[in-house]
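Make the full structure from the sequences, and use the hints.
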Amino acid sequence: MERYEANREARTVILDRLRTALDDRPKPPPVRRAYRRERPAGLDVVGRFAERVADYEATVLRVYDAQDLLSAASDLLREAGVSRLAVPTGSRLAWLTRLGVELVVDSPPLDNDALGEIDAVATGCALAIAETGTIVLDTGPDQGRRALTLLPDYHLCVVRADQVVGTVPEAVARLNPRRPQTWISGPSATSDIELERVEGVHGPRTLHVLLTG
Amino acid sequence: MRLALFITCFNDTLFPETGKSVVRVLRRLGHEVEFPYDQVCCGQMHFNSGYREDAVPLVRSFVDAFEGYDAVVVPSGSCTAMVREYHAVVARQAGGTLPAGVARVAPKVYEFSEFLVDVLGVTDVGAYFPHSVAYHPTCHSLRLLRVGDRPTRLLRAVRGLTLVDLPRADECCGFGGTFAVKNVDTSVAMGGDKVSAALESGAQVLCAGDNSCLTHIGGLISRQHAGIRVLHLADILACTEALPDLQPYGPGLDIASGFAAEQTPAPEVTR
Amino acid sequence: MTTSVRREPTFVGMPPFPEAAHAELANDVQRANLRAATHTIRAKRDAVVAEVPDWELLRRAGEAIKDDVLAGLPGYLERLEVAVRAAGGVVHWARDAAEANTIVVAIARAKGVDEVVKVKSMATEEIELNNALARAGIHAWETDLAQLIVQLGEDLPSHILVPAIHRNRAEIREIFVREMGRFGRPAPERLSDEPGALAAAARRHLREKFLRAKVAVSGGNFAIADTGTVCVVESEGNGRMCLTLPETLITVLGVEKLLPTWSDLEVFLQLLPRSATGERMNPYTSMWTGVTPGDGPQEFHLILLDNGRSDVLADPVGRQALRCIRCSACLNVCPVYERTGGHAYGSVYPGPIGAILTPQLRGIAAHRVDAQTASLPFASSLCGACFDACPVRIDIPEVLVHLRAQLVDGERGPRDRAEEVGMKAVRWAFEKPWRIGFAQHVAGVGGRFARHGVIGRVPLPKRFTGPVSAWFADRDAPAPPAESFRSWYKRTDGGQEE
Ligand code: SF4
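Residue numbers (the numbering used here), protein chains in the order written: chain A, 1 to 213; chain B, 214 to 484; chain C, 485 to 982.
Among the hints, a few may not be true.
As the list claims (entries may be wrong) - Under the rule of at most 30 Å between Cα atoms (straight-line distance), these lysine-lysine pairs were calculated in the DSBU-like manner:
| no. | chain 1 | residue 1 | chain 2 | residue 2 |
| --- | --- | --- | --- | --- |
| 1 | C | Lys908 | C | Lys974 |
| 2 | C | Lys693 | C | Lys595 |
| 3 | B | Lys321 | C | Lys974 |
| 4 | B | Lys321 | C | Lys916 |
| 5 | C | Lys698 | C | Lys595 |
FYI, nobody ran anything at the bench for these hints, they're computed from the structure.
The structure presented is a predicted model; accordingly, all values stated were derived computationally and were not measured.
Structure follows, in structure tokens:
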């Protein structure tokens with residue numbers, strides 16, 4: 001790989017130019033982090049999260065026990081017409097087999113074409129953000145590698161209530177930059193035509209969220 | 214309080230009536246305003262057009278003319294903004310004693326509505342103006358001076374006046390100093406939309422705190438013979454039952470009011 | 485510091501702004517499209533910004549973090565390089581567009597590919613990478629919907645975020661039906677112009693390209709100096725496709741795109757989405773650090789691009805333009821942009837940010853610039869709406885006026901002798917109060933000849949083009965009054981003797 005890193009001269013010149021450009025020694029200003037880091041006191045973060053996800057035209061169902069979970073999941077999958085469901089290797093989603101769908105475990109890793117032919121994927125998440133209705137995946141065991149949640153057209157994401165944080169700063173503080181991350185806020189969308197938002201371009205066109213606990 | 218009027222070169226030359234209105238309003242409120250004859254121009258046109266060095270003597274003469282007053286009142290948002298926001302920039306470049314002079318004088322300079330509301334603490338200036346008025350917040354009043362609702366508070370307190378909303382009020386009218394001639398097509402397109410908004414509002418009068426913007430908007434209205442007139446805030450606040458719509462108007466004001474006299478010999482608004 | 489290389493390209497044959505705007509303004513369809521689009525996005529942005537109580541504090545933090553990055557840029561870049569290499573990435577440095585393009589082409593050739601997929605990126609637009617790849621026989625497929633519309637329509641981008649903002653649904657349908665088949669899967673025969681259907685056509689058209697591609701090229705919104713993490717903010721999922729599926733990923737990044745630490749993202753991931761598309765959060769944000777075994781591209785190249793940025797950094801007033809996070813809020817609120825559209829600016833960076841960034845990237849601080857470049861700082865009424873909208877508080881009007889001074893006082897632009905004479909004359913008249921009095925008297929005498937106090941159409945020969953004919957083309961003006969304010973004040977003692 002080192003063979004590409006031949007332009008050391010450019011490096012020296014650019015760094016020199018930048019240093020010369022800063023001859024006036026601008027004083028770096030103090031960064032005042034006076035903005036909110038925590039959720040507003042008393043906010044029902046889980047409720048707010050559900051509300052905000054729904055604003056993106058994603059379906060959110062909140063369930064309180066295992067029985068609820070099963071019937072909600074089965075409703076959602078039936079509604080979406082899902083018969084084969086990809087799941088990550090380390091997934092704790094084995095209960096989904098009880099719903100009569102075929103589970104395809106990403107082990108050994110499915111190639112892109114195979115993955116593209118599966119209608120749906122189910123994962124957990126690393127955490128979720130109430131204020132923005134965002135789900136964060138960081139390739140943890142119940143989420144799998146990034147392509148897994150990208151090629152299938154339907155994504156069922158199970159979020160535990162204790163995974164929901166209030167604000168973006170709370171989320172950033174908990175995440176590990178070394179892990180690849182995908183922040184998902186609603187289904188794929190575009191506003192490129194007359195700045196009118198339409199859901200569904202390249203990523204999953206349907207996002208269903210099961211909020212447990 | 215020693216109070217001075219900075220009339221601005223534009224008003225001095227083209228809209229003397231607005232200056233007279235300021236004098237009358239302040240006198241009605243019990244304040245005499247002095248007019249230092251050494252004043253000329255704030256230098257905005259030179260500064261904004263890139264002739265920064267040419268702005269230096271103008272800034273210097275401004276400081277000389279207004280040094281020693283407790284407050285300077287200006288019937289123009291953009292000239293006030295030039296003094297308060299940018300004289301320091303010009304002065305810094307010029308060096309010498311100018312920065313200190315600017316630092317002494319500039320903070321005492323107030324746009325007309327700021328002066329009435331903040332310095333004198335009045336919103337009811339005893340005016341009477343029985344017409345519907347839409348207020349256009351000119352960009353420099355709105356975004357540089359942040360005069361906020363001061364002008365509309367003053368207008369609301371005018372007896373007989375109905376304040377109506379101007380659609381898309383915070384959009385620039387397209388004057389922009391030399392922009393009006395350097396980018397004439399864009400300027401006219403923007404102004405045309407402002408005229409449409411004014412007509413949409415249904416108001417009889419479009420009011421603002423800058424005669425420069427009003428000259429542009431009024432010039433379009435006059436050419437299109439659109440039936441709405443433009444007036445500076447001070448000219449409305451100067452009106453009373455005894456002197457409704459002050460006469461005689463100088464010719465300058467008459468056209469800025471958007472009436473080509475041949476179309477509307479006796480503007481109904483004035484009666 | 486001097487250089488004659490034009491680093492940031494002008495759209496070929498583009499005249500100075502006023503002329504270009506004249507032509508664009510005549511396009512009624514485009515004006516209606518732009519008006520609708522900018523008003524829609526303004527309303528959305530205002531709504532989601534209003535619900536953030538600490539927006540001003542976030543803006544100030546964003547400004548300070550970026551200023552800190554700029555003040556210590558060389559050190560931060562070195563830190564980033566170390567972190568990216570430690571995470572298995574390769575770091576390249578490119579002084580200018582040609583150098584950056586050469587690196588991309590070399591990598592693509594080494595991989596033996598004749599096509600790459602691309603995530604929309606301003607940096608690769610700026611260096612005209614697609615042309616360079618084409619010359620090397622490599623197709624670059626644009627995968628962002630708007631960018632695809634521009635590419636298929638052989639059009640020019642007119643907006644930072646939505647390059648096809650000047651097109652409406654009917655025009656887009658037309659382009660898809662006509663062009664898609666030439667480059668891959670054709671559009672369905674009975675394609676409607678409903679945005680959902682158009683997006684679906686793009687999905688089908690691009691899918692095979694995503695699945696096939698071995699090399700992807702992206703830009704980046706942020707790169708974290710401490711960790712080497714790169715962040716791409718997007719909506720459609722085309723970014724995720726490009727950043728995840730191919731074996732090799734090349735990211736071209738302007739040197740100013742850095743943030744010092746991971747936690748700085750907490751500010752920018754709030755500022756950017758709300759300012760850009762008016763959403764609380766954009767649908768997809770991807771972040772990666774070097775190479776992750778078993779997940780995503782196994783080869784990652786980061787190209788750090790100068791291309792004039794060091795010249796921008798050298799100007800203490802102008803350097804604030806490097807804080808820009810390309811959200812395009814300033815375009816969306818700009819009354820000039822709303823009327824003229826982006827093409828009139830003749831650069832990949834249109835609108836208010838383009839008016840201050842393009843001339844600086846083209847080296848205005850160092851040498852004379854051409855007439856098109858010189859016209860850009862004047863393409864503004866200085867209304868200030870851009871500054872209010874900018875999430876990193878770039879004082880665009882301040883920089884515009886600063887650049888105007890460079891052009892005139894600093895003699896970096898073509899000279900306008902007539903204007904110079906006019907300005908000197910005004911200054912002369914203003915130097916002594918008696919002179920202004922005299923000028924007013926002369927004007928007042930002249931004003932008596934105007935009918936009813938109005939100066940209307942001024943009969944000037946056609947070839948006479950100056951400020952006077954410009955004013956009177958569509959506007960009347962008041963005739964100067966017989967008596968100026970200062971004469972009145974003197975005559976009546978301030979109205980006491982009236
Ligand atoms: S200048 Fe500010 S508002 Fe404009 S694109 Fe850049 S960050 Fe956004």
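Each hint, compared with the structure:
{"no.": "1", "hint": "Lys908(C) x Lys974(C)", "verdict": "holds (28 Å)"}
{"no.": "2", "hint": "Lys693(C) x Lys595(C)", "verdict": "holds (17 Å)"}
{"no.": "3", "hint": "Lys321(B) x Lys974(C)", "verdict": "holds (25 Å)"}
{"no.": "4", "hint": "Lys321(B) x Lys916(C)", "verdict": "holds (24 Å)"}
{"no.": "5", "hint": "Lys698(C) x Lys595(C)", "verdict": "holds (8 Å)"}
Going down the numbered hints, you'll see the structure goes against none, and every one checks out.
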